[in-house]
Amino acid sequence: DSGVTQTPKHLITATGQRVTLRCSPRSGDLSVYWYQQSLDQGLQFLIQYYNGEERAKGNILERFSAQQFPDLHSELNLSSLELGDSALYFCASSVAPDYEQYFGPGTRLTVT
Amino acid sequence: AQSVTQPDIHITVSEGASLELRCNYSYGATPYLFWYVQSPGQGLQLLLKYFSGDTLVQGIKGFEAEFKRSQSSFNLRKPSVHWSDAAEYFCDEQGAQKLVFGQGTRLTINP
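Chains as they are written, first to last, in the working numbering: chain A, 1 to 112; chain B, 1001 to 1111.
These aren't lab readings, by the way, just hints derived from the structure by calculation. Hints may be right or wrong, so weigh each one.
Unchecked claim - Keeping only pairs whose Cα atoms sit at most 30 Å apart, straight-line, the calculated BS3-like set for lysine-lysine is:
hint, chain 1, residue 1, chain 2, residue 2
1, B, Lys1049, A, Lys9
2, B, Lys1098, A, Lys57
3, B, Lys1098, B, Lys1049
4, A, Lys9, B, Lys1061
5, B, Lys1068, A, Lys57
With these hints in hand, go ahead and build the complete structure from the sequences.
This is the structure:
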């Protein structure tokens, strides 16, 4: 158990819908990361927050947005969902940027 | 652009044999380098990390990795693999607000 929690574990929704994925970092970690993992794209870094502020951006689509709240939990919002958005979405946390990351168990999103 | 290359998509070794998984990074300054392992259906778990200092780093589960600046490499090694090592392995480079994971190497263990 890494100490990072993600909810929900599974999510099935239809194209065009909007969903919110939630992540609680390890106690004491200030940095949160979001990743998308699919069979064809592999592990893709989406976005990083540090103490509430966006710090780094990867291959995140404009339809996707995220934020980190004052209690340090984070949410990833995915809108106008497409079939190709079906993937595992991982959250990770670290004590500070560039330190080792601890990954949550992931949320499996299926878009039908 | 910053990139991490894991040249081997899939490797098969026999149980008890030695293992080396290759990783090449591209960032010019002193990189922060990591190896992670992902078992089926699980999140990634840190095996080891390199920030500075001794270029040979030890990790969990008997793994080690050697940082070679001249070759821009950070290869992962294990002297004798166990069936439980079957998993996907990711090399990661961080620095200057960039995070780059390699595409992963899937390790299969033959009994």
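Right, here's what the structure says about each hint:
{"no.": "1", "hint": "B/Lys1049 x A/Lys9", "result": "holds, 29 Å"}
{"no.": "2", "hint": "B/Lys1098 x A/Lys57", "result": "holds, 8 Å"}
{"no.": "3", "hint": "B/Lys1098 x B/Lys1049", "result": "holds, 16 Å"}
{"no.": "4", "hint": "A/Lys9 x B/Lys1061", "result": "holds, 28 Å"}
{"no.": "5", "hint": "B/Lys1068 x A/Lys57", "result": "holds, 28 Å"}
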